[in-house]
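Go ahead and model the full structure; you've got the sequences and the hints to work with.
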Amino acid sequence: MIDPWLPALVVLSSLLPGLIIFFLAESRIRLRTTLNLVGAFAKLALIGVMLWGVLNEHEYVFRYTVLPGLDLVLRADALALLFVSLSAALWLFTTLYAIGYLEGAPNRSRFFGFFSLCVTATVGVAMAGNLFTFFLFYELLTLATYPLVVHRGTEKALRAGHVYLAYTLTGGALLLIGTVWLYGLAGQVDFVQGGSLAALPPETAGQLQIIFLILIAGLGVKAALVPLHGWLPMAMVAPAPVSALLHAVAVVKAGAFGIVRVVYEVYGIEFAQSLALLLPLAIAASITIIWGSLRALFQDDLKRRLAYSTVSQVAYIVLGVALFGPLGTIGGLVHLVHQGIMKITLFFCAGNYAETLGIHKVSEMNGVGRRMPWTTLAFTLGAFGMIGVPPLAGFISKWYLGLGALEAGMPWVLAVLAASSLLNAAYFLPILHRAWFRPPPTAWPHEHIPQRGRWETAPLLLLPPLATAAATLVVGLLAASDFSPLDWAKLIADREYLQ
Amino acid sequence: MTDFLDPLPWLIVLPLAWGTLAFLLGPGRGGRLAVAAIALQGVLALQLAGQLIDSGARVYAVGGWGASLGIDLMADGLAAVMLLLTQAVALPLAVYARGYFAAHPKGRALFWPMTGFLLAALNALFLSADLFNIYVTLELLGLAAVGLVAIAGGRQPVTAAMRYLFATLLGSSAYLLGVALIYGTYGSVSLVVLTPLIHSGAPLAVTLAAALMLLGLLLKTALFPFHFWLPPAHGGAPAPVSALLSALVIKATFYLVLRLWLELFAPLTTVAAAQLLGVLGAAAILWGSVLALTQSRLKMLVAYSTVAQVGYLFLLFPLATLVPPDAADSAVQGGVMQAVAHGLAKAAMFATAGSMIVATGRDDIGHLGGIDTRLPLTLFSFGLAGVTLMGLPPSGGFSAKWLLLSAALETGQWWWVVVMIVGGLLTAAYVFKVLRRAFLPVAEGDHVARVPRTLEFSAFALALAAILLGLFGAPLLDLLAIGRAA
Amino acid sequence: MSAALLYALAGAALFAIGLAGLLLQPHLLRKILAFNILGSGAFLILVGLGQRDGTADPVPQAMVLTGIVVAIAATALALALARQLLDLTGQMRLPEDRPDAEPVDD
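Sequence lines, in order, name chains A, B and C.
With the working numbering as the guide, the letters of the first sequence map in order to residues 1 to 499.
With the working numbering as the guide, the letters of the second sequence map in order to residues 1 to 486.
With the working numbering as the guide, the letters of the third sequence map in order to residues 1 to 106.
Just so you know, these hints were derived from the structure itself, not from any lab.
Heads up, a few of these hints could be off.
Derived CB-CB ranges, DEER-like [stated by the list, open to error]:
id, chain 1, residue 1, chain 2, residue 2, range
1, A, ASP3, B, LYS106, 57 to 65 Å
2, A, GLY48, B, LEU46, 42 to 50 Å
3, B, GLU444, C, GLY90, 37 to 45 Å
This structure is a prediction, so every number in the text was calculated from the model and none was measured.
Think of the CB as a built atom: it goes at the ideal place given N, C-alpha and C, for glycine as much as any other residue.
Next up, the structure:
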């Protein structure tokens with residue numbers, strides 16, 4: 001039984017509130033909050049239904065013909081549900097956080113309107129059933145995130161927005177070229193497990209290799225693969241909820257997710273291997289992992305350090321994709337979820353430090369653990385997860401990636417993983433040391449939010465990072481159980497390699 | 001009775017009538033009449049499209065006389081598409097103009113009569129079935145357009161109008177010379193009669209005629225390097241006028257180039273000539289976009305954008321000339337879709353520019369700060385129009401781009417792919433140049449007034465239509481296919 | 001040389017002269033006159049080439065009549081604009097095109 005409406009409804013559940021919010025006056029706070037939350041919960045409910053449905057062999061496909069030979073397809077398969085569940089859950093937390101963060105700030109209707117559009121685009125990217133639909137929502141994501149990057153309206157924000165557009169639109173153009181070319185060779189390129197391009201005649205192999213390069217370059221801009229990552233640190237000028245959303249959920253994951261789809265469901269892992277495409281991809285990912293970590297070491301601005309950490313961490317997903325064998329696949333896919341949860345925790349905490357105490361730099365963080373213990377606890381959990389300390393989420397991903405490297409016969413990747421973990425420790429542990437063990441300064445840079453009883457900062461700012469930090473722990477501890485992200489990733493990998 | 005209510009003659013008579021009536025009513029009057037009449041014209045255009053879908057291409061003998069002494073009107077899919085575009089753009093613009101001239105009365109005196117004649121000329125042009133009738137409608141179109149440019153008076157617009165007039169007259173005269181040569185060779189100007197004659201053998205005089213006619217039309221379409229008259233004319237006129245000119249008048253002459261190239265003069269077209277048209281188009285895209293980036297006045301930026309976007313239209317020629325029919329079909333569909341999408345989007349863009357100018361009291365990109373909070377719908381419409389011009393999905397501009405890119409890759413002419421991609425990025429550059437200024441807070445000494453709702457909503461309707469075209473483009477392509485078997 | 005060809009060549013010559021005048025003469029009235037010569041050249045070719053066996057063909061005659069009417073309308077518009085330009089600038093020439101310099105209030 002094919003149900004076409006659920007995927008469309010999931011997209012609409014954030015599109016409609018977003019469009020309505022645009023027209024609300026600034027003062028309608030309650031209505032705006034209600035719309036946001038109703039949308040978020042509705043989306044989660046719909047996704048829950050789809051999860052149950054997919055487990056019971058239902059299919060959810062929405063197809064609409066835009067032009068002859070060009071269909072818009074939304075399909076909720078296992079891979080889509082992995083990403084869409086992550087997006088929807090983290091959207092809910094980020095919405096709550098943003099409501100707290102932007103309290104009293106101007107232009108909130110505009111912010112939340114574009115925020116909703118951004119999530120709409122992300123779930124569209126997740127559920128895209130073919131390259132064209134993916135491209136459509138990918139570009140929509142660029143357009144929806146630009147106003148968020150320039151939200152503050154300062155010269156610095158506008159410049160960052162300028163760079164952001166230059167990178168992402170060029171990446172989109174490359175993706176378009178690759179898509180049109182591929183459609184010309186292969187007709188409509190739907191995402192199918194195991195890929196569909198192996199069926200093409202052998203003389204097209206050269207073209208397919210070039211197309212792969214173009215597609216990965218286009219997707220790699222958003223995924224922040226070196227040297228296409230330049231926009232990401234500059235985009236840190238945006239408000240913390242935007243950085244959290246962009247870096248944990250939407251933009252970088254969209255790029256990485258696209259690479260996952262292209263390798264597994266357009267080319268197919270075995271075909272990609274036969275075209276010798278996986279090794280260069282693994283090398284590019286490894287370079288990114290090391291370079292990102294190295295740059296992170298030298299950043300004093302906290303958000304920039306986290307940005308470079310993102311550059312490095314998202315490349316793990318790409319690395320997992322490039323390792324031929326189910327274990328590598330599992331490692332990459334599960335890290336998609338885990339990195340999202342961990343990184344959003346870290347950005348929430350960074351936002352808390354800035355909003356509450358005016359702290360933007362690592363060097364200002366001495367003793368902040370005394371003043372904001374809960375936030376710093378969340379930060380600690382996130383940081384340890386990034387380093388790969390068991391039993392947190394990050395450890396699970398790295399474990400599988402390591403095994404996958406051995407399985408694929410690329411033991412040098414283990415060195416990359418080890419080096420990266422060391423570098424992660426090198427740039428995270430000093431922060432933790434400062435926060436917990438150094439004495440605090442006599443006055444914080446700007447104490448905007450004073451301590452109120454037990455509450456070190458506003459509740460809406462404190463609870464989301466605590467929730468996601470707890471998730472980091474739980475996801476790692478319960479990785480072996482059913483319905484964990486790891487279990488889901490194993491399911492997808494099984495289906496991929498059974499071809 | 002049904003014969004009397006035939007849409008074909010009424011599409012021409014109706015705007016002539018209300019234009020004249022508006023003139024008789026006095027200066028500045030006639031707005032409401034125009035809106036009602038254009039709505040009626042829209043209904044007629046839809047009725048015509050319905051008739052075509054039912055029974056194929058149509059011919060109508062005006063007054064019951066046939067050619068060659070009488071005048072025939074002919075409607076096929078392409079004509080119907082252009083007619084629908086004209087009425088679909090004119091209606092929101094008429095609503096917009098009423099609001100605009102209420103806030104800004106300069107130039108309102110002759111706007112409605114001129115617009116009536118302009119629409120009559122456009123409709124007649126799309127329905128013409130012989131070369132000389134096309135000449136007459138071309139002249140009427142040119143004179144009405146020139147008049148519209150000059151309605152507000154002022155040194156720069158009148159200069160621009162004068163330049164435009166000379167350019168357009170030169171173009172029509174070259175065209176007329178071509179018609180004279182053709183009549184001299186074959187003794188007929190009817191398209192239906194001439195097409196098989198030319199297909200079976202054409203002396204040198206006909207090739208010369210074709211070249212003259214095409215050159216004249218290229219001058220009137222402002223294709224690079226004949227674009228010099230357009231930026232001052234479109235940039236200096238009041239916003240509703242600029243919208244009408246950029247959206248519709250340019251498309252009319254482009255439509256003629258398309259018709260002549262693909263149908264009448266098809267056996268004379270060479271790959272070299274087609275590639276030349278493509279090269280000129282590419283030059284237009286690059287030149288227009290770069291110049292748009294350097295403008296400090298908003299309307300001039302949008303006018304140079306028109307110069308650039310006209311270039312896209314001409315990319316279809318190398319992709320549709322002497323290539324496999326699938327690719328040619330894609331290319332023509334892409335070109336027409338681009339013409340329609342651009343018409344809607346450019347009208348929206350000029351309308352929003354006009355609103356922004358009314359709000360800030362000046363035509364200066366550097367002082368657009370604060371628009372995002374005071375005129376959010378207007379800015380959003382500008383953004384949507386920009387999305388179509390950039391060719392981002394989902395929009396009519398994207399569908400056009402996809403079709404053209406497919407044709408380019410299918411025929412192995414990958415250099416046009418590069419041109420289109422670079423063009424899209426340059427377009428993004430100048431669109432976002434405007435958008436990012438609007439996100440800044442209001443600068444010292446500036447003010448941002450509210451504008452009437454009609455201005456914002458009519459512009460929004462146009463921009464939205466351009467986007468929706470991207471999702472609902474298939475019926476347009478079906479309509480286009482009617483009568484194209486020739 | 002048949003009459004038709006003679007007319008045609010004369011028309012071509014007129015067209016060329018008119019074209020040169022339109023492009024090269026800076027004075028507006030001369031440009032307008034040149035346009036009229038241009039048009040007359042085209043009309044002459046139309047009537048001249050359109051003769052069949054020496055008998056007059058009514059269709060091109062009708063076309064030229066229409067063309068003359070159109071040319072009159074165009075000339076009238078051109079003269080009106082030229083007059084406005086004279087009032088605005090005091091000269092019968094097209095001013096230099098500098099759109100950026102004008103603080104257009106519209």
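Open item on the list: Assuming the hint says 42 to 50 Å, is it satisfied by the Cβ distance from GLY48 (chain A) to LEU46 (chain B) or not?
Closed with: Holds: the Cβ-Cβ distance is about 45 Å, inside 42 to 50 Å.
Open item on the list: Given a hint of 37 to 45 Å, does the C-beta separation of GLU444 (chain B) and GLY90 (chain C) actually sit inside it?
Closed with: 38 Å, holds
Task: Whether the CB-CB distance between ASP3 (chain A) and LYS106 (chain B) falls inside 57 to 65 Å - done: 59 Å, holds
Violated hints are absent here; each numbered hint is respected by the structure.
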